[in-house]
Amino acid sequence: MASGGPGRLLVVDDNKVNRLLLGRSLEQQGHSIEMAENGRQALEMMHARPFDLVLLDIEMPEMDGYQVLEKVSADLQLRDIPIIITSALEELNSVVRCIEMGAEDYLTKPVNPVLLKARIGASLEKKRLRDQQRELIRKFATSEVATDLETSGFSLGGKFVEATAMFSDIRSFTTIAESQTPAETIELLNTYYTLMFEAISDQGGVVNQMVGDGLMAIFGAPLVQADHCERAVKASLDMIDMIRLLNADRLAQGKAEIRIGIGIASGQVIAGYTGTTRRATYTCVGDTVNLAARLESHTKVVGKPILIDDTTRGALSPAIKVEAEGPFQLKGKTAEVQVFSVPLNQKE
Amino acid sequence: MNPPSVIDLPTFEALKEAMGADFISELVQAYFDETPQLLAKLQQALAKQDCDAFRQAAHSIKSTSNSFGALEFGAQAKELEMMGREARLDGAPGKVESLLTGYEAVKQALAELSRG
Numbered sequence: 000m001a002s003g004g005p006g007r008l009l010v011v012d013d014n015k016v017n018r019l020l021l022g023r024s025l026e027q028q029g030h031s032i033e034m035a036e037n038g039r040q041a042l043e044m045m046h047a048r049p050f051d052l053v054l055l056d057i058e059m060p061e062m063d064g065y066q067v068l069e070k071v072s073a074d075l076q077l078r079d080i081p082i083i084i085t086s087a088l089e090e091l092n093s094v095v096r097c098i099e100m101g102a103e104d105y106l107t108k109p110v111n112p113v114l115l116k117a118r119i120g121a122s123l124e125k126k127r128l129r130d131q132q133r134e135l136i137r138k139f140a141t142s143e144v145a146t147d148l149e150t151s152g153f154s155l156g157g158k159f160v161e162a163t164a165m166f167s168d169i170r171s172f173t174t175i176a177e178s179q180t181p182a183e184t185i186e187l188l189n190t191y192y193t194l195m196f197e198a199i200s201d202q203g204g205v206v207n208q209m210v211g212d213g214l215m216a217i218f219g220a221p222l223v224q225a226d227h228c229e230r231a232v233k234a235s236l237d238m239i240d241m242i243r244l245l246n247a248d249r250l251a252q253g254k255a256e257i258r259i260g261i262g263i264a265s266g267q268v269i270a271g272y273t274g275t276t277r278r279a280t281y282t283c284v285g286d287t288v289n290l291a292a293r294l295e296s297h298t299k300v301v302g303k304p305i306l307i308d309d310t311t312r313g314a315l316s317p318a319i320k321v322e323a324e325g326p327f328q329l330k331g332k333t334a335e336v337q338v339f340s341v342p343l344n345q346k347e
Numbered sequence: 000m001n002p003p004s005v006i007d008l009p010t011f012e013a014l015k016e017a018m019g020a021d022f023i024s025e026l027v028q029a030y031f032d033e034t035p036q037l038l039a040k041l042q043q044a045l046a047k048q049d050c051d052a053f054r055q056a057a058h059s060i061k062s063t064s065n066s067f068g069a070l071e072f073g074a075q076a077k078e079l080e081m082m083g084r085e086a087r088l089d090g091a092p093g094k095v096e097s098l099l100t101g102y103e104a105v106k107q108a109l110a111e112l113s114r115g
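Chains A and B, in that order, give the protein sequences.
Take 0 as the starting number for the first sequence in numbering that gives the first Met the number 0 and just add one per residue.
Take 0 as the starting number for the second sequence in numbering that gives the first Met the number 0 and just add one per residue.
The hints are simulated quantities; they were obtained by calculation from the structure and are not laboratory data.
Don't take every hint at face value.
As the list claims (entries may be wrong) - Taking beta-carbon pairs under 8 Å as the criterion, some of the chain B residues facing chain A (in silico):
id, residue
1, LYS15
2, ALA17
3, ALA20
4, SER24
5, TYR30
6, GLN55
7, HIS58
8, SER59
9, ASN65
10, GLN107
Claimed, not checked - With a straight-line cut-off of 20 Å between C-alpha atoms, the simulated EDC-like cross-links for lysine to aspartate or glutamate are:
id, chain 1, residue 1, chain 2, residue 2
11, B, LYS40, A, GLU36
12, B, LYS77, A, GLU26
13, A, LYS15, B, GLU33
14, B, LYS15, A, GLU26
15, B, LYS40, B, GLU85
Note that CB positions come from ideal geometry on N, CA and C, so glycine has one too.
Bound-form chain A, shown alone (with noise of 0.2 Å):
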């Protein structure tokens, strides 16, 4: 993609004359170009029409530039176009102040043809990076990544959070993949990732990593949710039910069923953005997610498909029934963990 491709852009200036020269000058170098005589003009043209970039000018009567610039930055909506202040030189404090609320670049009037070319290419770039980024988002990461991105920004930064940290794991699989084609493996794991995810997001879980046949998954982060124990559980056990379906499809057409185990634990995780601005996944590390994968690696001790720490099992409502597996000295633990296990028949 040619960097300055054109764009369609909103010039807003009370000035005509401004507002013909940067319009001229815009549409020389290709970009289509509509215009506001004000701030509250420009944003109904910005709820009515996309736009990929818009030109503020500071001092306009009605509303001026800075409520533009703060209404757009409240407004999901309106947040992610780009917006060049036009200023006179001498208003330099204005453009900092400008900067600070949002605007992404300044140009000084008269504007300068050439940098006006270069700063709007420049723009228009950036935006275009950002919207393809936020289309992987969409494809890759569950809705409340995506929403959580958008409203907080990409701020890489970590925090502590309560959560439940869930790993999920096919048994066997280099087994089931030797015994098939390899175009049959991908479906298989497409299906299954398909299955996984409905199951985890209807409990209000975001599955952050999917390596080969496995999974992890999050329960009360990024989005606060008070009963995220009871909500991991009964992902695991929709998710083991999702399976049961699955097998039945394919001991129907005379293939292999498979198995999955689960590890659940909770308590205190580090959760962030981890990456680059470019590329950045939400992921929660910790003692607490090292116990859940423990614990799915110990389904294959234990022989039942889903394990839970105590900390899951005390915060879980009556209703749901846990049976003691008792105290196990896992991997990488110095203590022994008690361990509960999740029948999968709760309707008894």
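Fit chain B to the known structure of chain A by using the hints.
Leaving out everything else, chain B in the frame of chain A:
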């Protein structure tokens, strides 16, 4: 006054080159339409001692005048803008008068240049 002293020719020529000769007359016409209104606003604001409106009108006059190379006129407007910003309009009446006179010269010069 002859045109070059009122209008900075390099600025005007650069604008003309960037915008195209046809467009310059449209632009100059817009300036002729807008500036008298802004000057009227400036006078009204002065009469009402409305510093904010005074500052805004002066700001707008300054900004467009500079675009055409009416730099001296623009500087006069800027001075008024500052007076409005600092809310001290006591010395303003004389300066507004001279801005009105200054506009006539700018207008004449620009009319000549945009024809040429």
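- Task: Identify whether the interface hint at B:ASN65 stands, where standing means a beta carbon of chain A within less than 8 Å of its own.
- Result: Since chain A brings a Cβ to about 6 Å from B:ASN65, closer than 8 Å, the hint holds.
- Item | Closest C-beta approach of B:ALA20 to chain A relative to 8 Å, hint status | Interface hint status for B:ALA20: violated (12 Å vs cutoff 8 Å).
- Grab the minimum C-beta distance from B:SER24 to chain A and call the hint holds if it beats 8 Å, violated otherwise. It is violated, given that the least Cβ distance between B:SER24 and chain A is near 11 Å, above 8 Å.
- Message: Please verify whether A:LYS15 and B:GLU33 have alpha carbons no more than 20 Å apart.
- Response: OK: A:LYS15 and B:GLU33 at ~7 Å, within 20 Å.
- Straight-line alpha-carbon gap B:LYS15 to A:GLU26, limit 20 Å: 16 Å, holds
- Message: Would the hint on B:TYR30 be counted as holding, given a Cβ-Cβ threshold of 8 Å to chain A?
- Response: 5 Å, holds
- Task: Answer holds if the nearest beta-carbon of chain A is closer than 8 Å to that of B:ALA17; otherwise answer violated.
- Result: 5 Å, holds
- Query: Should the interface hint for B:SER59 be scored as holding, given a Cβ-Cβ cut-off of 8 Å against chain A?
  - Reply: 5 Å, holds
- Does B:LYS40 pair with B:GLU85 here, judged by a C-alpha cut-off of 20 Å? The given pair, whose Cα atoms are some 18 Å apart, holds under the 20 Å limit.
- Mind checking the CB of B:HIS58 against every CB in chain A and telling me if the closest is under 8 Å? Nearest chain A Cβ about 5 Å off; hint holds.
- Query: Going straight from one Cα to the other, do B:LYS77 and A:GLU26 come out at no more than 20 Å?
  - Reply: 30 Å, violated
- Item | Hint status (Cβ of B:GLN107 to nearest Cβ of chain A, threshold 8 Å) | This hint is violated: B:GLN107 lies away from chain A, its Cβ roughly 18 Å from the closest one there, beyond 8 Å.
Of the numbered hints listed earlier, those contradicted by the structure are 1, 3, 4, 10, 12.
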